[in-house]
Amino acid sequence: MTWFFFFLISAMALGGGLGVVAARNVVHSALFLLLSLLAVAGLYVLLLTEFLALVQIFIYGGAIIIVLLFAIMLTRSREFPRITDNAQWPLAAVAALLFFGLLTFAFLVNRPEADERSRVAFTDLGRSLFTDWALPFEIASIVLLIALVGAIVIARDDGRRG
Amino acid sequence: MNLLDILLLIIALLILFTALSIVVISMIWIERKFLGRLQRRLGPTRTGPFGLLQPVADAVKLVLKEDLIPSTADKAIFWVAPLLVLIPSFMIWVTIPATKDLVLRNLDLGLFVIVALLVVSILGLLLAGWGSANKYGALGGLRSAAQLVSYEVPLVMVVVSVAILAESLDLRVIAASQVPIGVAEGVLNEVKEAGGSFNHIGVPLILIFPLGMVLFLIAGLAEVGRIPFDIYFAESEIVGGPFVEYSGAHFSVFFLAEYINTFLVGALAALFFLGGWYGPFLPEWIWFLVKTYAVVVVIFWIRGTFPRLRVDQLMAFGWKAMIPLSFVGVVICAVYRFYDWPAWTMTVMSLAVLGVVGYWLYRRFTQPVQRLAKLYGRRPGRVGNVS
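Sequence order for the protein chains is A and B. Just so you know, we're using the numbering used here here: the first sequence kicks off at 1 and counts up by one. Just so you know, we're using the numbering used here here: the second sequence kicks off at 163 and counts up by one.
Hint data in this document are derived by calculation from the structure and do not stem from the laboratory. Being a predicted model, the structure only gives us computed values, none of them experimental. Accuracy of the hints is not assured; some may be wrong.
What the hints assert, rightly or not - Output of the computed footprint for chain A on chain B, the stretches with three or more beta carbons under 8 Å from beta carbons of chain A:
hint, stretch
1, 236 to 242
2, 266 to 275
3, 283 to 292
4, 509 to 520
Stated by the list, open to error - Non-contacting residues of chain A with respect to chain B, defined by C-beta distances greater than 10 Å in every case (computed):
hint, residue
5, 20
6, 34
7, 69
8, 145
9, 155
Unchecked claim - Some chain A residues judged to face chain B by a derived CB distance under 8 Å, without partners named:
hint, residue
10, 26
11, 46
12, 60
13, 62
14, 120
15, 123
16, 132
Backbone N, C-alpha and C define an ideal beta-carbon position, used for all residues, glycine too.
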């Protein structure tokens with residue numbers, strides 16, 4: 001049963017990924033990206049990490065795709081619904097292959113044991129996040145804050161209102 | 163999981179869907195009757211006793227209407243969008259407990275599941291607006307994304323403060339922690355045996371955290387897009403927003419999702435702040451329905467009372483009032499829990515914040531004439547006199 005769902009969800013994730021690059025319409029690409037990201041959330045559920053799956057749905061499935069679509073719709077994508085600029089595909093292919101190689105290498109070096117998945121209680125997760133991993137957590141928050149402030153500084157008009 | 167389990171699950175989902183449809187029909191009847199009374203009308207009276215069958219007739223009429231798809235629309239997205247709105251709002255109900263046993267699947271992370279799934283339905287509105295190839299639709303879609311993402315933040319923050327107070331993300335525990343220990347023993351012992359955490363409060367949260375109730379209701383109204391927050395399908399401005407081109411059965415899907423979500427806001431308010439299904443004398447599920455419908459009627463009442471906000475007012479209110487207030491709420495809850503103060507301090511802090519901000523907002527929104535006069539340097543009485 002688990003294997004069946006694993007292959008189904010993996011097929012959805014890979015198909016979604018293929019759809020993103022193959023679709024001619026930008027909004028369709030965004031929809032395929034949504035499919036792919038939700039399928040990854042499904043994989044997290046199979047690995048018994050429900051919290052990660054929900055975060056995946058909440059942040060990637062919801063917020064990121066919404067902001068992406070927002071940006072697409074506010075630009076003039078309706079006048080250029082088809083992607084025509086594909087001149088960089090050899091470069092992209094090389095980069096993708098390199099990244100795939102890196103991932104495979106990392107996986108082979110660092111191979112997890114077969115039965116290593118286990119359910120972690122949400123409270124334990126929170127406790128370790130705010131005690132053992134408090135510093136990385138705060139650093140990540142500060143990076144996000146800096147990005148937010150930077151976005152506001154860039155987007156603000158330079159006129160009188162300071 | 164064998165075949166029988168799957169069959170049972172499918173039957174349970176069908177029952178849930180039927181129950182939600184009946185709830186929606188009853189809500190439409192209540193809304194029309196109540197709104198009619200607020201406006202000194204009778205509301206529907208002709209179809210069935212007290213017009214009870216009016217929503218059924220409306221539903222049949224809606225489904226029988228021709229289902230038009232604009233020729234310039236993006237067919238695939240036009241089809242997917244209503245489902246993206248309905249399916250998450252239906253899936254949320256899988257984890258809402260109506261009593262301590264009457265729940266399809268109780269999840270430890272129930273609160274987070276609700277928040278995560280609510281976000282996905284925003285996507286459906288955005289895509290509906292874009293896919294129908296209509297400028298009002300696109301405008302409405304963009305407005306809906308802006309509004310719903312903005313009001314998602316205070317909603318999540320209120321949910322976080324409720325979770326801090328109850329020390330759990332399990333909806334059953336949140337409801338059970340608000341009643342005297344003797345009544346809630348069943349659920350809480352079960353949680354204790356499973357190794358989960360909870361904080362027993364003993365009184366409905368609305369008594370110690372009224373600020374949260376107000377914020378939740380406002381943010382909830384904005385999330386389901388009811389008046390005064392129906393900016394994104396405002397009929398008199400953008401003729402229905404994302405739903406402009408939808409008709410017949412497609413439109414009814416959006417309609418269904420909107421009412422299911424309204425009922426969800428009522429149910430969550432009942433579970434978070436009003437002590438869930440607990441109450442004297444009556445059976446548990448009746449108490450749940452009573453509390454939920456009470457909140458829903460308040461929502462209809464607000465609809466009958468307030469005018470629609472302008473877009474800039476809506477966004478300003480969201481970012482300048484709701485979001486800071488919801489963060490203040492989180493801080494209050496954290497301080498209260500950390501120092502383990504008595505419960506009444508929480509009430510005092512919450513009411514103080516609510517009072518100060520409420521008075522400030524009241525002053526700000528009821529004296530536009532004075533503000534205009536200050537802006538343009540005229541005396542109050544003359545503003546608006548063109549001659």
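Would you settle whether the hint for residue 62 of chain A is holds or violated, based on the nearest Cβ-Cβ distance to chain B being less than 8 Å?
It holds, given that the least Cβ distance between residue 62 of chain A and chain B is near 3 Å, below 8 Å.
Three residues or more, CB to CB closer than 8 Å: is that satisfied between the stretch 283 to 292 of chain B and chain A?
With 5 residues close enough to chain A, the hint holds.
Report holds if the minimum CB distance from residue 145 of chain A to chain B is greater than 10 Å, and violated otherwise.
holds, 14 Å
Hint check: 8 Å Cβ-Cβ cutoff, residue 123 of chain A to chain B:
holds, 5 Å
Is the hint on residue 132 of chain A kept, meaning its closest Cβ partner in chain B is under 8 Å away?
Given a least distance of 19 Å, the restraint on residue 132 of chain A is violated.
Interface hint check: residue 120 of chain A, Cβ to nearest Cβ on chain B, cutoff 8 Å. Holds or violated?
Since the shortest Cβ distance to chain B is 11 Å, the answer is violated.
Checking hints one by one. Is residue 46 of chain A an interface residue toward chain B, by the C-beta closer than 8 Å rule?
Status violated, d = 14 Å.
Could you let me know if the closest chain B CB is still more than 10 Å away from the CB of residue 155 of chain A?
holds, 14 Å
Hint residue 26 of chain A vs chain B: min CB-CB distance below 8 Å?
violated, 11 Å
Beyond 10 Å from every chain B Cβ: check whether that's true for residue 69 of chain A.
violated, 5 Å
Are residue 60 of chain A and chain B close enough, Cβ to Cβ, to be under 8 Å, as the hint says?
violated, 10 Å
Since residue 20 of chain A was said not to touch the interface, does its Cβ keep a gap of more than 10 Å from each Cβ of chain B?
Non-interface label stands for residue 20 of chain A: nearest chain B Cβ at 15 Å, farther than 10 Å.
Of the hints listed earlier, those the structure fails to meet are numbers 4, 6, 7, 10, 11, 12, 14 and 16, in rising order.
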